[in-house]
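Start from the sequences, fold in the hints, and give me the full structure.
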Amino acid sequence: MVWIQGSGMAEAHPVGFRWVMKAKERGAKIIHVDPHYSRTSALADLYAPIRAGSDIAFLGGLIHHIIETDAYFKDYVVNYTNAATIVNEEFKDTEDLEGYFSGYDPETGTYDRSSWMYEGGEVASAAGQREHSTQAFSDRTGAGMMMGNVESDETLQHPRCVFQLLKKHYARYTPEMVEQVCGIPRETFLEIADTLIANSGRERTGMLVYAVGWTQHSTGVQMIRGGAIVQLLLGNVGRPGGGVMAMRGHASIQGSSDIPTLYELLPGYLPMPRAREGEVTLQDYVDRGGSARGWWANFDKYIVSLCKAWFGDNATPENDFGFPWLPKISGNHSHFTTMMRAMDGGLDGLFVMGQNPAVGSQHSGLQRRALGHLKWLVVRDLADLETARFWKDSQEVKGGEIRTEDIQTEVFLMPAAGHVEKEGHFTNTQRLLQWRDKALDPPGDARSELHFMHHLAKRVLAHYAGSTDDKDWPLRNLHWDYSEHGQHAEPNAEDVLREINGYEVATGRHLSGFTELEADGTTACGCWIYSGCFADGVNQTRRRNPGNLDDPEGGWVSPEWAWAWPANRRILYNRASADPDGKPWSERKKYVWWDEEEGKWTGYDVPDFPAPKRPDYKAADDAVGMDAISGDDPFMMMADGRAWLYSPSGLLDGPMPTHYEPFESPVDNLLYPKVPANPAALVWDRNDNPLNPPRDPRYPVVASTFRLTEHHTAGPMSRNLPWLAELQPEMFAEIDPMLAAKRGIEDGGWMCIVTERAEIEARAKVTHRVRPLEIAGRTVHQISLPWHWGSHTTSEQGVTGDTTNDLIALSGDPNVSIEDKAFSCNVRAGRRHNSSTARLAHAVDNELKLSGDHGAEEPEKAGQRGDSQHPPELEDE
Amino acid sequence: MSARSPLGEIAVRKPGAQRMGFFTDTTVCIGCKACEVACKQWNDLPADGSEFRKGGSYDHTGTLSAATWRHVRFVEALAPSPALQREAEAALARGIGGNVPNIPAAGGMPSVEALGGAGGGVAEHEMVDLVGIAETEAQPQMDRWLFMSDVCKHCTNAGCLDACPTGALVRTEFETVILQPDVCNGCGYCIPSCPFGVIDRDPYDGRAAKCTLCYDRLEDGLEPACAKACPTDSIQFGPYDELVETAKGRVVALHEKGIETAYLYGAGDAPEQQIAGNLGAFFLLTEPPERFGLPAQADSPIQENAPVATATGLAAAALAVAGTVASMLIAHRRARR
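Quick note, the sequences are listed as chains B and E, same order.
Under this note's numbering, the letters of the first sequence match residues 1 to 877, in that order.
Under this note's numbering, the letters of the second sequence match residues 1001 to 1337, in that order.
Calculated from the structure, these hints are not laboratory results.
All clues given are correct.
Covered stretches of chain B (chain E as the covering partner; in silico rule of three or more C-beta atoms under 8 Å from a C-beta of chain E): (1) 4-18; (2) 36-49; (3) 718-731; (4) 766-775.
Straight line, CA to CA, 30 Å or less: simulated DSSO-like cross-link-like pairs of lysine-lysine: (5) B:K674 / B:K168; (6) E:K1248 / E:K1228; (7) B:K583 / B:K74; (8) B:K458 / B:K471; (9) B:K590 / B:K600; (10) B:K618 / B:K74; (11) E:K1228 / B:K22; (12) B:K22 / B:K590; (13) B:K74 / B:K168; (14) B:K674 / B:K92; (15) B:K74 / B:K167; (16) B:K600 / B:K583; (17) B:K328 / B:K471; (18) E:K1257 / B:K589; (19) B:K375 / B:K458; (20) B:K24 / B:K583; (21) E:K1248 / B:K24; (22) E:K1014 / E:K1248; (23) E:K1248 / B:K22; (24) B:K589 / B:K167; (25) B:K24 / E:K1228; (26) E:K1257 / B:K22; (27) E:K1054 / B:K742; (28) B:K600 / B:K74; (29) B:K24 / E:K1257; (30) B:K29 / B:K167; (31) B:K674 / B:K167; (32) E:K1248 / B:K29; (33) E:K1228 / B:K29; (34) B:K590 / E:K1257; (35) B:K589 / B:K24; (36) B:K29 / E:K1257; (37) B:K392 / B:K375; (38) B:K74 / B:K589; (39) E:K1228 / B:K438; (40) B:K29 / B:K583.
By construction, the Cβ of each residue, glycine as well, lies at the ideal position given by its N, Cα and C atoms.
Okay, here's the thing in structure tokens:
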């Protein structure tokens, strides 16, 4: 079974969907739950339309149903999850506090999470402090958690054990409630729930596929948590055919979090150091990030080896391996806060590479305006695009709200090489690093990103070579020695991969994997989780041997096809594919098991467990490091070795997913009437970021966005190509016939979509694929909008159109600062009269509000907002 | 002279070559249009324009043409509601819709004209008035959204080839039908002779053009571009006889899974039921052929009208028979451009 929710996989990942179709041909059931009836829905055995943003109600319904019908995989849940663990007496649930968990501070809109901890567990010291959007890394892993005194009840009867808390928390998430909140008929809901259950247990597994349809919500992280809880209850993690598949937004997005373009992470999910007292020295950093228990006890080896890779011989024990000179973060430096900082005149320059924020980022009207406040802007892309032309022919310039001559930004547009014109590897959603060679030279001045960054770095390093300023230490001491080839001095991408793999400093020998890493400066490694990708001096990511796929003994695992992190392991936590005694749960789902004769773990894949650790090994209460992980605790990256049904730490907005409405919703929160939206979510309450008030009768329609197969993200790679442009020539909105009739909108005719931020026009695609939903006794209409169009094309046969992201406000999930892409709007027939974001012109505050402590980096929390007055009742639409 | 070319058609023969074909399985098509683009890229065909089509689902290119040799059709099929049932009955009474049991599809009902423009165009007056229905009736439910990649059928009895007076259209050693642009004089006789509306004239130079089943790739032992690009193997390429066996097995498998409406279109039929003597590019369908703009019955006009004749005479006869359809068709295409 493949359960797809929050993803239009066939639409957005047609090549990956090949395997879903192969599974379907072999009898797998395909389930699709989505607001938008897409090509994915058409191929599914079972499709349920859901109101955009209500997924947690649906997931809570599944959890409720699985528990109520006793359908969870008991042996798995009791032994491998924290179901039995007993939680602090101080903990209060949303059921007790009408929508809040214990610890909520309405002043700051944040939670003091100390009461969420296990009973007897010691809280990591960061908990309870005001966080920005970055949470302490220690939180995520339970690092620093002392487990010695934590109690559990394996009968799952203790009223404060996780299982009972889960049961209580979701008691009201009944099929009837799901129907009322999500608009999914209860028969459909039960059919889906029972299909999931039927594909779980010892003999069967099911997988969950999600994508940005889940992440892009003010409760996005909790949605994914909800999916993970369902998968854990059904025993679908660490087993073949199970798992949670995160479909990525485009190529190598997985790679861009592994070796991150994210502001709060260093390579390999090490936290970015913070400018905070007690976290400044290497020892501080290791103390806070390292865990006494579990795998993260190796934390020091990874950070020291990273510093050795970066600073080479200049990283010594005496100077803490250069750690003190790493940049430190002081708050939320995410995309949105950075752009608002630019808007307010607090940012000089910006590099935009492989991104088109003038079309692809939320509230793109604001993004385009913000670009005009920069002194300089470097854009690298395949073609001229809206982000590089915001000053010339954007909606705002055409509409006269912004005058080109007033913009002082100096824009550099640099031509980039396409993906077949450069070498390197992509990391896909399966954590598979796949190398591809260059097929042809890029045209003209186009160069690879690697070329650009390498030569930029060389010039910057040369510029600072003579500096005596201490802050320039990293530039003077950077280890930068990649070889070059060809007439354009292209750096060797394999040199970079070698550094990422790691080497022994004394000999230069390539490391075979991260278990060789040391904290004494004898090893260097650019990203510990990738260590082994160049083992034996061989580019393992370049392997293309599928092996014997027909071998019934795991031939399908194909371990010699490319290379997967960590340690070429294809399924994470695969020790969970065996029962607590180390035997496969079933012959059918055999994957990794304990070989008593050999005295080690073995199987089709690289076991994700210390090979010689016996299944009956019991950790002593005072054990540390990996010794603290018992032989039947498969989730060894967690301090307690268990998968978390309940998160005692790690999340800023609750230990269990809870249904809140999107910020902009035309309906009440039926489950927690007093708390409409996620109380810990981020809001930037600014004149230039106006929100549609909740339940405002002016905005009765629910909207969400989706991708088309024919176009790629913000469009420069598809709208300029005549062959693709002709396949989807115009921006459109999918709308149900009933709403179209009410508004006088004709199929194929023009219509406008309106929010507080913008009014855009689109062709109407009136179709029964979109259907109105019955929500709590009234009809709610949903529209679906693709978001690929913008104002510029480089080709006569290219296409342009209005930009969906002009409609959407900036808002943030508290954990990761991602926006809410389920929103309210209204629609009308006809075309727009002004530029799409003309209404923003009056809202923009052009005065510069500069200070050291920039306001944009301190977003307000939802709970702080004062709009409690209810607008008039909505009419039945 | 092979048994498959009874009418004196011009054929290339090479020792060891065998009939090659396409098996397009609509049950695994995801409507991604990769075939349409791969075809244009390999054959260096221009984007020939599109329009945002009323009632067109995700199909904006509309039809096979001189520059679109693969075309993906989209059919939005509704579960019949009383109103739709009435519309369907009325459509049947008007003699359009063929043997479609539960028309209409939201993507438009096929009609004689639509079939003439096979691959897609649906006249506006044939479209279901969705808004009108919504105003008057309870909401009908979306039932199925169907995708089908259409292509030249490379018929055993190829109407285009039979009609061609210049020998521009020839049968290859793979028993596919290709057009040699340097021989084509642009007479256009082939166009009405194709019962599927596949072949078309290039609006710029007037010569006819259509799918070659990637003859150039086949000569180098490569599979056609569309089949290569298809992510789900909806388009399969191979030796014809093997493909037919594969396809028959697939039908049996689908029947066993409870999809009893699955059948092959253009392959495996008894002689009297064959479509154009069997199709080199055949399809697995789960709906009546009209849903996809395919005729329930079709043959080369020559096969239907003249057992023995010279090629030129046959072309003239074909033109006479198909003349009305042809003018309708051309007008229809012009209207679309």
